[in-house]
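In the order they appear, the protein sequences are chains W and Y. Using the working numbering, read the first sequence as starting at 53 and increasing by one per residue. Using the working numbering, read the second sequence as starting at 3 and increasing by one per residue.
Just so you know, the hints here were simulated from the structure itself, not pulled from any lab data. Any given hint could be a false lead.
[Unchecked claim] In silico EDC-like links for lysine to aspartate or glutamate, alpha-carbon gap of 20 Å or less:
#, chain 1, residue 1, chain 2, residue 2
1, W, K373, W, D394
2, W, K221, Y, E13
3, Y, K63, W, D367
4, W, K376, Y, E59
5, W, K389, Y, E60
[As the list claims (entries may be wrong)] Some, not all, of what chain Y presents toward chain W, calculated at C-beta under 8 Å:
#, residue
6, I24
7, R28
8, Q67
9, R69
10, M75
11, P171
[What the hints assert, rightly or not] Residues of chain W placed beyond 12 Å of chain Y at every Cβ, according to the derived structure:
#, residue
12, L91
13, H127
14, E192
15, K376
16, L411
17, H608
Where a beta carbon is used, it is the ideal one built from N, C-alpha and C, also for glycine.
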Amino acid sequence: MEAIASIKPETVPAASVAAIDTVAPTYINGSHALMKALLAEGVDTIFGYPGGAIMPVYDALYDYQDQINHILVRHEQGAGHAAQGYARVTGRAGVCLVTSGPGATNLVTAIADALIDSTPLVCLVGQVGKKLLGTDAFQEADVMGVTMPITKWNYQITDADEVPEILAKAFYIAQSGRPGPVLIDMTKSAQLELMTKPYVYERCQSLVSYRPRRIPKQEQVEAAAALINSAKRPYILVGHGVQIAKAEDELRELAEKTGIPVATTLLGQSTIPTNHPLYVGWLGMHGNYGPNVMTDQADVIIAIGMRFDDRVTGDASKYIKQAKVVHIEIDPSEIDKIIRADAPVVGDAKEVIKALLPLVKPNDHTVWRNEFRKYDAIENETITVPELTNTGGKIRMAEVIDMLSKKTKGEAILVTDVGQHQMMASRYYQFRRPNSLVTSGGMGTMGFALPAAFGAQVGAPDRQVVAVIGDGCFQMTLQELGTIVQNKQPVKAIILNNNFLGMVRQWQQLFHERRYSFVELQNPDFITIARGFGMDGQTCDERSNLSDALDTLLAHDGPFLLEVIVEKEENVFPMVPAGASVSQIRLK
Amino acid sequence: MTTYTICIFTENTIGLLNRITIIFTRRRINIESLTVSETERKGVSRFTIVIKHESREEVEKLVRQIRKIVEVMAVFGYLNDEIVYNEIALFKISTPLGSKSLDVETINKEYKAWVVYWGLDYVVIEKTGNDTEIFEFFAYIKQYDILEFVRSGRVAVGKTEKGLVEYLPESEWAYYL
Ligand SMILES: Cc1ncc(C[n+]2csc(CCOP(=O)(O)OP(=O)(O)O)c2C)c(N)n1
Chain W
53 MEAIASIKPE TVPAASVAAI DTVAPTYING SHALMKALLA EGVDTIFGYP GGAIMPVYDA
113 LYDYQDQINH ILVRHEQGAG HAAQGYARVT GRAGVCLVTS GPGATNLVTA IADALIDSTP
173 LVCLVGQVGK KLLGTDAFQE ADVMGVTMPI TKWNYQITDA DEVPEILAKA FYIAQSGRPG
233 PVLIDMTKSA QLELMTKPYV YERCQSLVSY RPRRIPKQEQ VEAAAALINS AKRPYILVGH
293 GVQIAKAEDE LRELAEKTGI PVATTLLGQS TIPTNHPLYV GWLGMHGNYG PNVMTDQADV
353 IIAIGMRFDD RVTGDASKYI KQAKVVHIEI DPSEIDKIIR ADAPVVGDAK EVIKALLPLV
413 KPNDHTVWRN EFRKYDAIEN ETITVPELTN TGGKIRMAEV IDMLSKKTKG EAILVTDVGQ
473 HQMMASRYYQ FRRPNSLVTS GGMGTMGFAL PAAFGAQVGA PDRQVVAVIG DGCFQMTLQE
533 LGTIVQNKQP VKAIILNNNF LGMVRQWQQL FHERRYSFVE LQNPDFITIA RGFGMDGQTC
593 DERSNLSDAL DTLLAHDGPF LLEVIVEKEE NVFPMVPAGA SVSQIRLK
Chain Y
3 MTTYTICIFT ENTIGLLNRI TIIFTRRRIN IESLTVSETE RKGVSRFTIV IKHESREEVE
63 KLVRQIRKIV EVMAVFGYLN DEIVYNEIAL FKISTPLGSK SLDVETINKE YKAWVVYWGL
123 DYVVIEKTGN DTEIFEFFAY IKQYDILEFV RSGRVAVGKT EKGLVEYLPE SEWAYYL
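Same shape as in the complex, but just chain W (with noise of 0.2 Å):
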């Protein structure tokens, strides 16, 4: 380990400073060894919101203001979701800073959403004094218990000495092997105390207990391309996995090397272009026709950074019987998790694609890959056109998303809430470039989009960023509306309004025979809403302003918000019903 910053002892900044203002040399307190870590981890965005339990490590913010962006949210989640945001267009880990006891709860949410999406998040969170501690003091809550299971690691400092080691580590546990978030839960009296050591950051680089292999065994990737180069009909299945790997390019080599077709996870999409001849769309239980029928086809699946979410595989048992399967993942307890990996490789997408490629033959599966083309056909007939050739009654989803697609270029990136909209959204929107599907996958949270869309575009600010959002889901975090007005981003945002909670109202329809149980919104006016944070909106009730009210959205300098009521009851198919194996797949 090599240090890179060392900090001689120095005197401590106004707020603490009278009582020992003369002894010198003094040492820096918790607070400020906080300001230090984050800035040696190159850390330039906090989203947060203050609380007396974190109080010291605001006050320390202030000396810190030009170097470190805080953004103030309107509730802890908000800081969660935005942080994911900025984590998934960037790469690096997004850095949440809220108070003890509620502060830290409103957090959760966000924190399991990324544990199971894989997203790096450093979350700090305050904590009442070590003398406290235990004692159901104000504002206490056993965040430590709380997240344990929601954390890929999680540490209470109580010591302000302890400051710079643990999060060297938090940074390094958080964006190395599978990502995920780690939460730092800091007493009040170690952001306050003074080191008792002079502040000397090392960045982590290993741990005894914890080493993720991201170089593959030669055996393993012997045997996978063994596997790939016998087959007949394989398959590549692309998870989340390849695009935090940053192998899009490798990826596509393998593919076009081999000629193997392509498709992906929910969140694998944007992976590669979607007119790109090798992709053949997505996979799971609102995925298109084709992948999901063909997965029982094929004899070989490579499936790469995805971990056979049920929503993917439907029912396991039945799941890919006939294949042989190479699973390349980076997380060891992935593998024959779910489904059993005749040929397993451990390691980190890129570096497994790059070692495989020399090893794999060219080859051509044409006559196995126009198999795919005879499903497209029978989705476009019966689905796709039909969705977009309405001529009668209200707007539908599909119209939206295809129009804003072309609009875009497939260029933006796209931010999506959970429901009818999300899975609309990702079947009609044209990905041209990695990284540009931002969505909560594995956990499905309500109301991640709005703040979610808000940290993309800070994380990528030369992007322009579209959040699709439910009318449900957007009463879930729309006082983020308040964020995005007060630090400027132009964020654009679509609320496509049928007036109903939409996927839960569609499985009522079609399994619980229309009883349609509490699913009906009786919505505010959203525009008002806006109009009342500071941010422009108008409302698309006809087809044919839709395409003037994309431009308007699209073109406006800031912020937007554009509501468009869309047809109250219509449904998203194809659809593989909960339980179902994926061949099962409904058109209708």
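Start from chain W and add chain Y with the ligand according to the hints.
Same frame as chain W, now just chain Y with the ligand:
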């Protein structure tokens, strides 16, 4: 149902027991017994957890989930015939004046159990062995008045040539030995 003994080597940190047991709870696997102690290496703790399970595959998945914990260095799962293992049981037996007197010779010779404490009107007997041996002794000693009975978790070492710590990731370890 097969009995599995899972040995987990960890860094000795606060909260780890919780983090490990959560994994069992989440998978609805009951912990039969659990012991923790520091090993011959400073700062390295060893958990010995006994579970019963029908599916070896599920146990393997469990082991992999445990390995995921950042502070966990290594996890080994064993079947009974792959280990030497024991538990300690203490029996507090009432011996007031006039009660049936203990047959200490049988207790020692047949059951290899020892009286480790003589109280005024009770004794404490220690029996070390596997669970069958302990329950055999229990069946025998039942005829006296058992005031308290307590059993420890299992401790186990593998029947391998090497010590398990040899398999741990390399580091500059401090040894007790
Ligand atoms: C926090 C949370 N609560 C409940 C759900 C269950 N749920 C999934 S989709 C959905 C409906 C979403 O409605 P809306 O935002 O209007 O989108 P639509 O499906 O109509 O496009 C609900 C309630 C969830 N995913 N997350």
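Status of the hints after comparison with the structure:
no. : hint              : verdict
1   : W:K373 <-> W:D394 : holds (12 Å)
2   : W:K221 <-> Y:E13  : holds (14 Å)
3   : Y:K63 <-> W:D367  : holds (19 Å)
4   : W:K376 <-> Y:E59  : holds (19 Å)
5   : W:K389 <-> Y:E60  : holds (9 Å)
6   : I24               : holds (5 Å)
7   : R28               : holds (7 Å)
8   : Q67               : holds (5 Å)
9   : R69               : holds (7 Å)
10  : M75               : holds (4 Å)
11  : P171              : holds (5 Å)
12  : L91               : holds (24 Å)
13  : H127              : holds (27 Å)
14  : E192              : holds (16 Å)
15  : K376              : holds (18 Å)
16  : L411              : holds (27 Å)
17  : H608              : holds (45 Å)
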